[in-house]
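Asks: Chains as they are written, first to last, in my numbering: chain A, 1 to 164; chain B, 1001 to 1164.
Treat the hints with caution; some may be incorrect.
For each label pair, taking beta carbons as the anchor points, the in silico distance ranges come out as [to be verified]:
1) B/Thr1050 / A/Glu46: 44 to 52 Å
2) B/Asn1127 / A/Val101: 47 to 55 Å
3) A/Gly44 / B/Glu1159: 17 to 25 Å
4) A/Lys97 / B/Tyr1099: 44 to 52 Å
From chain A, some residues computed to sit far from chain B (all C-beta separations above 12 Å) [to be verified]:
5) Ala85
6) Ser92
7) Arg137
8) Val141
9) Val148
10) Cys152
If you're looking for bench data, these hints aren't it; they were derived computationally from the structure.
In this text, a Cβ means the ideal position worked out from N, Cα and C, and glycines have one as well.
Protein chains: 2
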Amino acid sequence: MIFSNLYIIAMEKRKELIVSAIENGTVIDHIPADKVFQVVKILGLETVSTPVYVGINVESKKYGTKGFIKVADKYFDPEVLNKIALVAPTASIIEIKGYEVVRKQTVEIPERIEKIVKCFNPNCVTNKEHDIPTKFRVKKVDGKIRLVCHYCEKYTSEENFEFL
Amino acid sequence: MIFSNLYIIAMEKRKELIVSAIENGTVIDHIPADKVFQVVKILGLETVSTPVYVGINVESKKYGTKGFIKVADKYFDPEVLNKIALVAPTASIIEIKGYEVVRKQTVEIPERIEKIVKCFNPNCVTNKEHDIPTKFRVKKVDGKIRLVCHYCEKYTSEENFEFL
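Excised from the complex, chain A in its bound form (with noise of 0.2 Å):
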């Protein structure tokens, strides 16, 4: 019985590709698939050192199909994790050390945030000046988020997000 199980995993390794697990640093699950790009945004890995894998549209059995983010070697602040919560509310955070699973928490959408999104209004002083970093206060009308400028006072909604 154990052999023929271990030959099985043999067979369909032939059909796989076996990406290495991360023996540390951090995993981003549950993000809905069309919008993994804008969290590797988020968190910056266009510029990472480290091996970082993305999966997009992959089965999931909570949400039919999702997207993931490893990101060996990096743990991230609650802070710049929390602004992952602006696109993807659902999303896991889930921390490895040494191969195992050592902390596994949820997003938090953030009161405020700076420099993520670009304010929709464009006369905004931030449109109009490229050293001036954008900034709002996140607030949420009907389920869905809001951000108001701190400049102009400006609603930008969420189907207007446009990241910087």
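Here the structure of chain A is known, so what remains is to put chain B in place on it, guided by the hints.
Replies: Just chain B, lined up with the frame of chain A:
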């Protein structure tokens, strides 16, 4: 002997994440690690509906580290694939059918490109009018790529590529 090999495989599975190999689709391999998300953009993978797996800073025998992209159930026109050569001339394109490699090819720098890159000249008509897409002739000068704008004739060099 066979049994012990199988046993090792089974033990290693504990420390690995299995990502399904694609039954049908395209693998873009040997992408410079820092160019992977540019290739994602060139291929329009932000909005694709089939499974996509991306690896960055993955160990490579040939190049030290590399990136790869696997796109299930999709094949790309040579025209699209050659745009990859702009940022990742070392990339290899592998087409998979029924879990088998049916085609392997390198990318070729195209003679002309449209829409992918912004013109470096802020006064170019493509930067002033939003409905005029960029259009370039591709030149190779001292091993580096230069794009010559169809409209303003100004050069955009590799180090100034800004992807649209």
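Asks: All hints are to be evaluated individually against the structure, with a verdict given for each.
Replies: Cross-check of the supplied hints:
For the pair B/Thr1050 and A/Glu46, the beta carbons lie near 23 Å from each other, so the given range of 44 to 52 Å is not met. As the Cβ distance of B/Asn1127 to A/Val101 is approximately 48 Å, the hint placing it in 47 to 55 Å holds. Hint check: A/Gly44 to B/Glu1159, Cβ distance near 20 Å, so the stated range 17 to 25 Å holds. The given range of 44 to 52 Å is broken by A/Lys97 and B/Tyr1099, whose C-beta atoms sit roughly 35 Å from each other.
Against the 12 Å criterion, A/Ala85 stays outside the reach of chain B, whose nearest CB is about 20 Å from its own CB. Non-interface call for A/Ser92 relative to chain B: holds, since the shortest CB-CB distance, roughly 16 Å, exceeds 12 Å. Every CB of chain B is more than 12 Å from the CB of A/Arg137 (nearest about 28 Å), matching its label as outside the interface. Chain B leaves A/Val141 outside its interface by the beta-carbon criterion, the shortest separation being 27 Å against a cut-off of 12 Å.
Once the 12 Å rule is applied to beta carbons, A/Val148 is consistent with being away from chain B; the minimum gap is 27 Å. Every Cβ of chain B is farther than 12 Å from the Cβ of A/Cys152; the closest lies at roughly 22 Å, confirming the non-interface assignment.
The structure does not agree with the numbered hints 1, 4 stated previously, though it agrees with the rest.
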